[in-house]
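The numbering of the sequence shown is the numbering used here, which starts it at 36 and goes up by one.
Calculated directly from the structure, the hints in this document are not laboratory data. Any given hint could be a false lead.
DSSO-like cross-link-like pairs, simulated, lysine-lysine; straight-line CA separation at most 27 Å [as the list claims (entries may be wrong)]:
(1) Lys154 to Lys209
(2) Lys110 to Lys133
(3) Lys110 to Lys154
(4) Lys154 to Lys133
(5) Lys209 to Lys110
Remember, it's a predicted structure, so these values are computed and weren't measured experimentally.
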Amino acid sequence: LKRPYRSTRQIIEVVQSLDPDFQISGGEQAPEGEPVELIWAESVMEQARAVADDLLRLAQAGRPWSDMAVLMTRKSMIRTVLRAMYEREVPFELISTKSAGDLDLSSDTVKIMTVHSAKGLEFSIVALIGLENLKDQRASDADETEQKELSRFARVGFVGPTRAADTLLLTYSKDNVF
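With these hints in hand, go ahead and build the complete structure from the sequences.
Structure (structure tokens):
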């Protein structure tokens, strides 16, 4: 393939800006799309509530729940994200790594999962919660073990946003290199 087929040019540009190693050939030929939305909030709960509000707005504009996914950079965020969706009455289902194979993408719910569980999947709308958890893999003083861990976090920064076909929401609570 010489042209990206999954994500818009705007999403590809954001992914490439996260790390110099994330270069996607043919990105300039990707289809045009909406600007990527970057959301700052003071806590994971506030990030999740902001995402829930945006998903409600998108649903009210006619976008089906089945086109939406919320991805988390850390498994520890699951309860917080589920609580925010419940509070805002967003229909959702939690997808674990074990249940990802049984996923019904047509069910009229927002899919909630970790980035790891989302590998190989595609959604029109993706919200990635917790950008502040990504670590800079270019840390020069990191030993080999630390480099492997940093590299794993960097892949989350690549895989998460590239699950989005046309709408990407990124949230964070602390400034970092990303």
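Mind listing which of the numbered hints don't hold for this structure, in increasing order? none
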